[in-house]
Amino acid sequence: MVPILAGVLASLCAGWIGFPRVIYSSRPQPVEFSHPIHAHKAGMLCVDCHAPREDGTYAGVPPLSRCAGCHTANLGPTAAEKRFIADYVKPKREPEWAVYARQPENVWFSHTPHVRVARLPCEQCHGDQASSDQPRLYQEDRISGYSRDIWGYRTAGGAVPGMKMDDCIACHRQEGLAHSCLDCHK
Amino acid sequence: MISEKKPGKICRYGMAIDLDKCTGCGACMIACAVENNVPPANPAATDLTGITWLRVFKVDNGEEYPRKESVYFPMMCQQCGVETPCYLVCPQQAVDVDPSTGIVFQMPERCLGCRYCMAACPYHSRYFNWWDPKWPAGMEKTLNPDVAPRMRGVVEKCNYCHGRWHAARERAAQAGLKDIIPGDYVPACVEACPAGAIEFGDLNDPASAPAQAAKDPNSFRLLATLGTEPKVYYRSKRPWAKRIGDPSQAPGSKETSRG
Amino acid sequence: MRNTRRNALKFIGGAAAGALLTPVPWRLITDTALWSENWPGIPRPARGPITARFTHCSVCPAGCAVRARCVGGQPVSLAGVVGHPLSRGGLCAAGVAAHQLPYHPARLTHGPVEAATGAIARAAANCNPDAVAALAACNPADGVAVLDLRPGRTVSWTYRRAMGALKNGLYLTAGGVFSGAAVDLSKARTVLSLGAPLLDGWGTPGNVLAARAGFRLIQAEAIESRTASLADRWLRIRPGSASALASGIAAALKKGSVAKAAAATGLTQQQIAGLADELTQHGPALVLPGADCPEAWALNELAGASGITVVARQEAPVPEAWNRNCAPVTPLASVADGSIRTLIIDESAPADYIPWNAIRPKLIADNPVVIAFTSSPRGYARHSLFTLPTAVYPETLEDIPAAIDSPRAAFRLAVPLVAAPAGVVNPAEFVARAAGIDATSALRERADAIRQAGRGVLITYADGRTRPVAQIAPDDFWKALNEGGCWLDTATRPSAPPHLDWAGIDVQPAESRRWPLVAVLAETAIAAAPASPLMTKLDQESNLRLGPGTAALHPDAARQCGVSDGGRAVLETALGTCPIRVVVDASLPPGVVQVAAAPETIDICGAGARCRVLSL
Amino acid sequence: MDRRFIPTGVARCSTSRFLMWLALWAALLAFGLYSAGLCLVEGLNQTHMNNRFAFGLWIFLDLTVIALGAGAFFTGFLLYILKRKELRGVINSAVVIGLMCYGGAMAVLGVDVGQPLRAWFTFWYPNVHSMLTEVTFCISCYLTVLLIEYLPIVLKNRKLRQVPHFLVFEHELHNLVYVFAGVGTFLSFFHQGSLGGLYGVLRGRPFAFREELGIWPTTFFLFILSAAAVGPSFILLTTWLVQKLARKPLVRPAVFESLGRISGLLLAAYVLLKTVDTIVWLRRTTPRSGFLPAQYYAWKPFGIWLLFVEIALFLVPMAILLIPKLRARTAWLVPAAAMACCGVALNRFVLTIQTLALPTLSFDRFVYYLPSWQETGTFLAVVAAGVLVYSISFRYFVLFPEEREL
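Chains as they are written, first to last, in this note's numbering: chain W, 63 to 248; chain G, 948 to 1206; chain R, 1026 to 1641; chain B, 1487 to 1892.
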């Protein structure tokens, strides 16, 4: 009996503790960007950088030009900024940001109805980024290639609300907006 | 479908196709492929293994010259309204019917490629990806971001350019509206037809072209007797052409000519 | 616990059982299923701001107005401009997918420049003008000529100026009966088409369809072509007897005998006489000759259509300076044989392909220099010594003159929607520099000249407005043309086209044993340039059209030739052979082989050529 | 040298001969697996199926082998539920055959779908309207049942019996055999039916579409009946074949007799109902859908003759099997059984292939289809695997308990 129990225990540990660590590959964001500094110190708003296009669609991660607008030279003493100027601003190289919320290709998502019509605050889906002093590790499922935010277990401590299909459906159901899979799938 | 709850406007999108106007130029077929990211044919593909969500056939009255007459016949998914054959047979809900638009939709990512739906479809308007989709180098730049490319081994079909429906909904949202602005949503084939032979609209709106066509004595539907309530109406003034939709003509024993 | 085999087995068994209580197996099957959503090879469409841009399609001379849906600046789909006075919102199948042409696998991006042949080779490589100039000047006896397949463009004027500047430079066009003439379908009540593909890409498709309701169409043709099947009346004549029919009608109009024509065409004398009557009684009439009977154009004069449905082609104003010292327009046919040493063929703007056997005799016999400007290896690149790759639509900036079915002059631009690849050559620049003239701002000069003339209106697509040109500042005019606009001349009093003498018609030779079949070219509208790879939807994945390299035969004819459906065969005419794939089509008459038009096939079988099909 | 494994009291051929026999089929299996591999790696473009012939040889194979494999459940049903003791002599053999047929069918289905990695979606997101969902659930369940039924046969092996645990386990299983037989019967009835329903529900294919009894088209019940009728015939046939190959009697003649009679009786019932169904289909269902029965047989080679051949292939064996005099004579019995099997095969062929071949649109054309070598290879793999497993089972396990006494 003992060896059997030992086996069960072993795979339980491996499956519940080890596996979640193994299944994801993690990589840091290219730049040690601090939202609080920009939000509080520089007193900027989300839309100052994450401005939607005039048609309300999301314009994507702000391009280097947006940063270079202020960061022509070091604004602060931090080493992170020195590196940012040296590695990206000077050589005019776009930082290869990893997008936590990038949805699968077959999902049709537009910010317009969510922001313009439903008037959802950014935090509701993206979480309170303004307080994250250090960008989270970007975690990607090794097999399916999807970001952990949109596919997989809740991220550490559930600080970030999930962006999985279930989360979308839950809200759409609540709002009585759900017709069929075709609402969001393309 | 996720819920029976149907907020907002309920539409039943349909088409009215005037066979007397169609010149068989094929612009609709190309526009369809461009819009929906359908790849060019694999070198080994034939008209039986290719992917043409919309296909134009040449149909004649079986007579000899000088009595011979022909029409060009655009065929796409007929968007069956009730007893939708493909929807009923799909084992894992890869086919969905949107109750708010009546559009029958294939979800490639859910499809396991059993092709039961193809066996069920009386119109042969469902297509299987026999090969991996391939575009010539660089041509993938011209893909439409509103439509997801499919992978090998799944079924696909016309969905009234559902990407355009999404886009129209987004434009409505820009104007702060919940419902699509009428006339703002038009499939690619309708837009492309230089002869204006294909019209698109909401069958629930009596003023729309399809709704009018439904009342027109010159219009008919393909295999209407099967009782699947297809939502594509064809129209022709030629008496023989009106019988195209009648299945009892089906042996079509005449030697079919190249379109 | 002792370390025995049994214990090990127990442990493994327990582990296996325990694993089922962990997410591992379930997560793995889910992940592999998800992996199949984006396994290697599935492209990811780029995202970006969605905008609409306007241009004009330069794939054929029609120059339809185009609205391009762009994602991040890259056009992803094309559509017509609704309500456009010329193209009426229409686009043909080839035009709808033309934004994919830059990525055509067969496209030439760096020409096979022959390094051995010294000067011109370098000229090609780095576009060095002196080389060409030197080459042209080297031997005063021999000439240098430019063959312009699409005359009337600003580029054409550049060529004329360049050739005028060069010593014995020649500016050549295809010539032919249509040159200098235009038709007004809106005025026609009866249209007699002798095999012309009127409803299959002829003229400006949108315009033809818009006018279609206004006229009765009679199609005299051997096969049930697309136009024949859509015509109000289809007269099935013997293959290759269109000229005979034309002469018969001419005779009938002159109250002569039609017996000979009736015999040749297989129609009754009454039918031919009836056609003549229809032309005169249900006028205004219009006669459109097919490729195999151009002289039938003269019937229009006999039928009194001149000045009504058939008018002189109008051209947009050009700067005064250009008219001074510019080479005259010389039809290719009128050039003496063996007189051209250096021939520059501009195939960058596709138009009707002139068979090589019509060009070759004009060149000097021994090693002539032929320079082809093209993006396709299929056309003159096969015959040229040097092939210089050019930009393709929608990379080019060029103007498109009014099409044959526009009685009014027009000026519109095909503007670049995507950047041309490095290494392509601009033909106009090349020739201009060779001749030592400056044509870099020719288009702008032309636009200003039009603006100065002050005639006509400007139609802007973004706002759908129509304004008299006189009210617009030159800069705004130029800007509007570039952002999607079109200049349209005010309706001028139509003048009669150049008179065409009635040529006596030689009826096709009777059937010969050697050449049992008559070749009929199909799909001529998109023959000139390679179309988008997506055209497989029309010919390979459906049988709506005849695919490139295919030829259709009646089952009996196929049986006689010993070929079967889908089989490989060789098409042979007096001029040569080319490989074909056979399609068996019961709707064709037995005496005909319907050949997909392409440079290769046009080279060996002109219209109505006798031929045979040999199985492999 | 493998004597230790061969059951006591039975004679088997020499090891070398046995290995040669295995090698033969193993080679075929290898070729088949290669073909199947091609279809999985390169995709289904390796087959000659197309958008019109969405299904081909494989679906025909699935429907046929599953119909023939019905012998397994039905014999079990007769033996354990209806207590027909004489069938104890073939039950083991029947189980193995059933296992092969169903295993093969499942394997081929795995190759037949375009995205095998997603096959399990059917269990997770089932569409309750779909007959295919029913089929998938039932077949996979019944396959498990068959495996469990197969286990005791394996454990009875001379060598394995020496492990006490196995002996106990085998005994426990044996007590439960009635339960399994019951469950198996239920499942089998159900999926034989849903396999019939698979085509009977195709409203868009009037050639296959049938009126509904309750929520199921008539083909649902016809398939159950035909499978039950032909199953015993197939057992009979295979047993006779094995006897020929083994060159010795394996069961009492009474078993053949009884199998034949059962088959005959059920065939009679089937023919009766099939006739009624065919008439309703031609006189009512078809006209309702706007088609003319004549159209179904307007296309060569699928002429009306096919219908008559099908009828004959059921009528003739029925007659033979119902006449005791003829039934008693192997020369009549075995061919009759064979005919019945061909009959059910043809019936499945007509419903799958002819249904897809017939055009539904007036401008449609008739499409021909011949399987590619990859398809055929995969098909042969199933046969080869079946023969291999059966041969091994026959050599080392007791498939015919009465063999010793004979």
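Please keep in mind that the hints were generated in silico from the structure rather than gathered at the bench.
Any given hint could turn out to be false.
What the hints assert, rightly or not - DEER-style ranges, computed between Cβ atoms: (1) G:Y1012 - B:V1853: 45 to 53 Å; (2) W:A148 - G:D1131: 47 to 55 Å; (3) R:P1050 - W:E158: 28 to 36 Å; (4) B:V1853 - G:D1126: 42 to 50 Å; (5) B:I1790 - G:D1126: 49 to 57 Å; (6) R:N1028 - B:Q1648: 19 to 27 Å; (7) W:P139 - R:A1444: 50 to 58 Å.
Cβ coordinates follow ideal geometry from the N, Cα and C atoms, glycine included.
| task | Check each numbered hint from earlier against the structure, then list the numbers of those it violates in ascending order. | result | 1, 7
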